[in-house]
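Asks: Given chain A, put chains B, C, D and E in place with the hints provided.
Protein chains in written order, with the working numbering: chain A, 56 to 415; chain B, 56 to 415; chain C, 56 to 415; chain D, 56 to 415; chain E, 56 to 415.
Simulated from the structure, these hints should not be mistaken for lab results.
Any given hint might turn out to be false.
[Said to hold, decoys possible] Pairs of lysine to aspartate or glutamate residues, derived as EDC-like cross-links and limited to a Cα-Cα distance of at most 20 Å, are as follows:
| # | chain 1 | residue 1 | chain 2 | residue 2 |
| --- | --- | --- | --- | --- |
| 1 | D | 157 | E | 317 |
| 2 | A | 412 | E | 266 |
| 3 | C | 412 | B | 261 |
| 4 | E | 157 | A | 320 |
| 5 | E | 412 | D | 270 |
| 6 | A | 411 | E | 261 |
| 7 | D | 157 | E | 327 |
[Unchecked claim] So, partial list: chain E residues that the calculated Cβ filter (under 10 Å) puts toward chain A:
| # | residue |
| --- | --- |
| 8 | 147 |
| 9 | 310 |
| 10 | 371 |
| 11 | 377 |
| 12 | 385 |
| 13 | 414 |
Yeah, the Cβ is synthetic: ideal placement off N, Cα and C, and Gly gets one too.
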Amino acid sequence: MQRRFVTTRRDKTGLPPGTPIHVGSRPTDPVRFTVFQYGPDSCTEHSPPDAAACTAIERNAPITWINVDGVYDVTAVTQICSALGVHPLVQEDIVNTDQRPKAEDYGSYLYVVLRMLRSLPNGDPAGTPAIVAEQVSLIVMEGLVVSFQEHEGDVFEAVRERLRSGKGSVRRKGPDYLAYCLMDAIVDHYFILLEHIEGRIEPLEEAVVSDPNSDAPRAIQALKRDLLVLRRTLWPLREMIYRLSREGAGAITDDTRVFMRDLYDHVIHVIDLIETFQELAAGTMDIYLSSISNRMNNIMKVLTIISTIFIPLTFIAGIYGMNFSNMPELEWRWAYPVTLAGMAAIALVMLRFFRKKGWI
Amino acid sequence: MQRRFVTTRRDKTGLPPGTPIHVGSRPTDPVRFTVFQYGPDSCTEHSPPDAAACTAIERNAPITWINVDGVYDVTAVTQICSALGVHPLVQEDIVNTDQRPKAEDYGSYLYVVLRMLRSLPNGDPAGTPAIVAEQVSLIVMEGLVVSFQEHEGDVFEAVRERLRSGKGSVRRKGPDYLAYCLMDAIVDHYFILLEHIEGRIEPLEEAVVSDPNSDAPRAIQALKRDLLVLRRTLWPLREMIYRLSREGAGAITDDTRVFMRDLYDHVIHVIDLIETFQELAAGTMDIYLSSISNRMNNIMKVLTIISTIFIPLTFIAGIYGMNFSNMPELEWRWAYPVTLAGMAAIALVMLRFFRKKGWI
Amino acid sequence: MQRRFVTTRRDKTGLPPGTPIHVGSRPTDPVRFTVFQYGPDSCTEHSPPDAAACTAIERNAPITWINVDGVYDVTAVTQICSALGVHPLVQEDIVNTDQRPKAEDYGSYLYVVLRMLRSLPNGDPAGTPAIVAEQVSLIVMEGLVVSFQEHEGDVFEAVRERLRSGKGSVRRKGPDYLAYCLMDAIVDHYFILLEHIEGRIEPLEEAVVSDPNSDAPRAIQALKRDLLVLRRTLWPLREMIYRLSREGAGAITDDTRVFMRDLYDHVIHVIDLIETFQELAAGTMDIYLSSISNRMNNIMKVLTIISTIFIPLTFIAGIYGMNFSNMPELEWRWAYPVTLAGMAAIALVMLRFFRKKGWI
Amino acid sequence: MQRRFVTTRRDKTGLPPGTPIHVGSRPTDPVRFTVFQYGPDSCTEHSPPDAAACTAIERNAPITWINVDGVYDVTAVTQICSALGVHPLVQEDIVNTDQRPKAEDYGSYLYVVLRMLRSLPNGDPAGTPAIVAEQVSLIVMEGLVVSFQEHEGDVFEAVRERLRSGKGSVRRKGPDYLAYCLMDAIVDHYFILLEHIEGRIEPLEEAVVSDPNSDAPRAIQALKRDLLVLRRTLWPLREMIYRLSREGAGAITDDTRVFMRDLYDHVIHVIDLIETFQELAAGTMDIYLSSISNRMNNIMKVLTIISTIFIPLTFIAGIYGMNFSNMPELEWRWAYPVTLAGMAAIALVMLRFFRKKGWI
Amino acid sequence: MQRRFVTTRRDKTGLPPGTPIHVGSRPTDPVRFTVFQYGPDSCTEHSPPDAAACTAIERNAPITWINVDGVYDVTAVTQICSALGVHPLVQEDIVNTDQRPKAEDYGSYLYVVLRMLRSLPNGDPAGTPAIVAEQVSLIVMEGLVVSFQEHEGDVFEAVRERLRSGKGSVRRKGPDYLAYCLMDAIVDHYFILLEHIEGRIEPLEEAVVSDPNSDAPRAIQALKRDLLVLRRTLWPLREMIYRLSREGAGAITDDTRVFMRDLYDHVIHVIDLIETFQELAAGTMDIYLSSISNRMNNIMKVLTIISTIFIPLTFIAGIYGMNFSNMPELEWRWAYPVTLAGMAAIALVMLRFFRKKGWI
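The following block holds chain A by itself, in its conformation from the complex:
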């Protein structure tokens, strides 16, 4: 079934603003918490059993990263956020998983929300990998990053690996750099999705020419729909990262801002590609329509050639099939072969006419 654009909000409509109500699918898996504590020289990692344990963690390393998988557990989210003094509206945004990407600076902390798009390895049999969209919220404050995801499974494994191994400079930098790394991992993944999408355009371009009766229009529409969703996600992301990279925010240091600028370039690149693909998809639809018309022309040509040759000949045969008693040519000796020869001549004239027209 097609993913719907509007998430049902009936339950939510009418509640006081700032009431954190989860909007989105509601799996039953328990929430999973992961905590990284690291500094230039060390990195420890453990999984507290519940939200209370998370907030009770002693911050014995320069930087702490708490990751929460499962925002459908509203109580856990509220508990953690309230312990950190996060505004109720932010709490509402974290659990309400159809936010547009945005960054909001609340002075003592920065709230960033964006969408993580992942392709699952076990896609559908048609070859198109299944795409999973998930809302990721980041809260960046002094010595702490908290990230909230909808479900388990993410694109951050490489970042975790770098934290554990100490490769790259992530352990030597602040929480804002960690936030940047997470955002960079998300954006990098968009390129992989775009590769998949490009892989869908090429066979379509083939199909509309070779087999215009295929399901191309629906496939093109599906492609456009996906590109629309992507563009809808990317445009606000662009704006958000632009602002982080230029104006910055309290939580983003100048050093990290250079990296944000780089990230901004990547996002622009992704948007460029999406728009290019949109134009290609539109062009493919045009080719499809012209292919259908061409095919119609060919069908009509065959019909016209056959009809135009045989209808006059059949008429002549009909003439000599009439039963008038006084048809002197019927008795002539060479009448039959002469008639056949005349018919052949007519057919040849017609064929020459069609050749001149370029139809055969």
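Replies: For chains B, C, D and E alone, coordinates are given in the frame of chain A:
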């Protein structure tokens, strides 16, 4: 009947500016007044019989909310507004119910006008719920909010419930927060309308493929028309709420401005969805057109196959139906079966040709 | 005949800038001058015979309004303008009647030019009222408003009535408010035009579905052309009024600026409607094209059904019309009824095939 | 042959920047120099034989205007420019005749480049006057204007006439006003071109309805191409004149800036017209396509009516042309007239069916 | 095979930011280094064997230009950049060859990246020269320019020639001017590409009219694709050069900024041409579609004329081919010639009808 876009203004044209003349439908129900008086600790509610009683109310609670259902009673509106010192042009805008959403800061009070779209439970039998558009005007001043609606019935019931029960923070905040709550209730309702609209797109996408002779083009046009109306309503709303959330106005406190920013996000989200739906509707029209062409191709194929096979055969039958006296083959013993076999061979060649062309 | 977009300027090209040469139609009626002199307590009205008399009027009331009908009399315009010290370029713009709406502040006076669109009562028989476009120039200075129109007949009658009767506040306010009233009267009239245009769209939407061979495309093109002209007129008007309402100009008091803001809302509303109508017109063209295609499909279906049923049957009849001497079945007793039954069977199979295809 | 958009630059690519190499057509006519020297009271005019004579002219009048026809003579251009201290890049721009319109303020002088479009009297026989595009460069400095044209022949004759006769204020104003007059003459000429273009649209609109097999699509494409070229020329011109009229430049006095504002209005007007024409051209293409479809419908209707009436009748005739020995009805007395009557009845039923469908 | 838009990034995703990993094709040729050392009076040129030799070069001339062909050798790039103190993100951008054009000012040096498009002499046999896109990175600092290319072969030969010969002013100016010269050479080459593209549009415009069954739609789509890629490259280039020419950067002197402004004009010109070509390509598709429709009309006309003339005649022949025993007219003496004459008359009426319809 289709709702018309231009409200007849003939009566109004030529009157001095600032003359409050009601433009819109004119029901005969009496105007209804509702007054809420509340503070952190209490909330009383009563319904004065007329405008005079409304203005005479003693303000014995921190905040008063007067709601007027029925702006067609120009006298009542004028009476209340004049008692509060509201500018004649604002009075004109309140009763003239085809305003674009806007907010105007008049120093001592803020005037906000926006459109409330509701879906009535008893929609039309085709399943599409009837949509009612109504203009809502808010006047926000020190300790007072006055709201004007066209008719009875609104989307504010949840807000009233929160006032009565004291749930949420609405009773502890100022009149600007109440105004925000009312606007939020209106915007939240747009999502429900969008759900209905999405529910209309999906069957259309089915119909244009499976039954392209249906009334799809008209349905698509109706859909586009509704989306056009929605976008026309939402664009100025976006601008208005943006300004309230950034620059603010005298009547909007900084605290409430944070909530306005959240409301702004919602409006942007609604606009995003509308634009996505517009592109989907356009795409559906394209699929429809290609479906028609495809169907035409199939019709023509059938005609061409039948004609191309039988027209030459009929010609041959016509040949041997001629009455020439000298047609030696007519007398041959195997002439008839050989002719039939020849016809069958021609038909087979034709069928193979069509199979090669991919027509059958 | 279609109104042309480019007014012939051959006469004008090459003349020194600032030479007032009338560009536009040149009726022979004499120019008509009307003078209103009014203040809070009085209003006198008379019609001087010529321009000299106009400029010689003693200004014995707080505000004077001189209206000139007929800018084709270049001498009269020049005479009045020169007496008031108006810049030659402004004089050129007044008589050259294809200006874009604009407002220019010359310090001691404000020059405003806009287009008055009127629908004449005696429209063409097809029901579309004739639309007359006329350039109106206003010069607003201390205690004086001068308005220039192309011809007699305007939309200002209601303003005149208010001056005479003293209703509204126009007599108590300055010349800038009078200018606002004139502009307001012009803009209010656009709504009436839009009503007419909406009245043209609805029957078109009917026609393209019920009778797609009609003249719909030309009517749609004519509609688009009219909307194009309207939008061309309205866009610069919007900008102009926006500037008058925000920055203001020397001649516009703050009090009047509030009214300009209201006027600005009206103009925005008109533009909104025009753009909505443009999209509806485009959508109507799409429906028209799909209607034609649908109709073609229906025509082809009829042809295909008839041909596909009868061509094979005719072939069979042709077979038994052949004159081979050795056709044993011709002699069989039940051959004829069996053949007829076979033909009926073939026809039934065909009909079932078409029913399965959904063609009948 | 179609004018190409990209001028061949192979010769130029790789040369140092600032090398004046003429890009464009290279006539062999000698360069022509004209010098006007004028002030409020006098105007002398002569034609120096070469560039050296030009630069050696004694400036004995307040203002000197040197006009050079033939920028293909790079040496002459270089000689004059170097004598005046003009930047090498400007020299390159003057001879390289595919510049976009622009104005550059070099402190002591202003460099303006724009395109002069002229319609030659001896146009092509099809009635479309030949359009000649020529680059005009102006250098405006203290007491001097130098204008460079590609070839002889221009639209400045009226300006020269005013200089000679002393009409208008051109002799009383500075070199910036002369530059303005030259630019104004060029822009005024665009209106004449637009008249020609409008004259091409109207017959096209006729043709696409009355004779849709005509060459309309190519004519529409040619029209679009011309409008594209015009818009490409006008957009930067608009920007350029806007800046001259608002910010001004050292060489433009405040007095002249008022005139520039007027010129700006004209350019906006031209662009408005071009965009209107572009939309009309697009609409004409739509009408053309719908006309073709309509015509196809009519062709198919004729075919379907004839086929659908006669194919069943021919089948009936075929039945009674069969040679079965046992066809009792053949012997009936009234069989033949009854059969004919039956055929007539079928034909009438068919005709009624078509009438009901609205096809005849 | 079609060049893909998304370069595979799987290897890169997940690596720490600032890790220089080459993304792009990976030839096996060794990297080539070229060093120019020059001043107003001298210019020496040599080719160090490796990156170490490059960084060890003694800077004994005012300006040094190091050119590196082959960014796939990440070690060499890193070595040179690190020796110059270039930021790791810049190093990453240099080797990651799908950057958008941009300029970044890092205080002590300026980093510029743009795309060099070259047409190879040995293009494909169809006449379209092969286009090679290559990323060029420039690092401009005090007395030094370092340029990085993907492969050997570039468009800088003319610049090198000017350095060697001392022609032009390049040897007398700073490193920023050299950078400008390199950028200018790249942009100048775009015009040659556009000439090739224009050369592809013209035959297409012919083909869609004369032979609409050709492969035009695919060729048009390929053209659009190329223009899309070009526009995608040019838009950010425009922005980048605009900023260099206006705001400038530490490394760009005011003198060079004048040249940048000239370069900006060229880029705008290229973009203008691309957009013009895009509109022409879209127009060509429209003509193609109308050509197909026209051709269909012509095919249908032939079919309809032949069918409509002969089907009724064949019916009449069928009538007199019936075997009713009682058909008195069969015995009439002139029945046969009268019937033939009647048929001829019907045919003539039909032909006149078609002539009236304008079909023949």
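Asks: Work down the list of hints and note, for each, if the structure agrees.
Replies: Cross-check of the supplied hints:
Between residue 157 of chain D and residue 317 of chain E the CA atoms are separated by roughly 11 Å; this keeps the pair inside 20 Å, and the hint holds. A hinted pair counts as satisfied when its Cα atoms are at most 20 Å apart, and residue 412 of chain A with residue 266 of chain E qualifies at roughly 11 Å. As the CA atoms of residue 412 of chain C and residue 261 of chain B are separated by approximately 17 Å, the hinted pair is consistent with the 20 Å bound. With a CA separation close to 9 Å, the supplied pair residue 157 of chain E and residue 320 of chain A stays within the 20 Å bound.
Between residue 412 of chain E and residue 270 of chain D the alpha-carbon distance is near 18 Å, which keeps this suggested pair within the 20 Å criterion. Only pairs whose Cα atoms come within 20 Å are accepted, and residue 411 of chain A paired with residue 261 of chain E is accepted, the gap being roughly 19 Å. For the hint linking residue 157 of chain D to residue 327 of chain E, the alpha-carbon distance of about 14 Å falls within 20 Å, and the restraint holds. Annotation: residue 147 of chain E was flagged as interfacial toward chain A, and the flag holds, the nearest CB pair being 8 Å apart, inside 10 Å.
Taken as an interface hint, residue 310 of chain E does not check out: its beta carbon lies about 29 Å from the nearest beta carbon of chain A, beyond 10 Å. Proximity of residue 371 of chain E to chain A holds as hinted, the smallest CB-CB distance being about 8 Å (cut-off 10 Å). For residue 377 of chain E, the interface hint holds, the least distance from its beta-carbon to any beta-carbon of chain A being 7 Å, beneath 10 Å. Of the supplied interface hints, the one on residue 385 of chain E holds, with its beta-carbon coming within about 5 Å of a beta-carbon of chain A, less than 10 Å.
Contact between residue 414 of chain E and chain A, as hinted, is not supported at the beta carbon level, the nearest pair being about 14 Å apart and thus beyond 10 Å.
In summary, the structure is inconsistent with hints 9 and 13 from the numbered list given earlier, while agreeing with the others.
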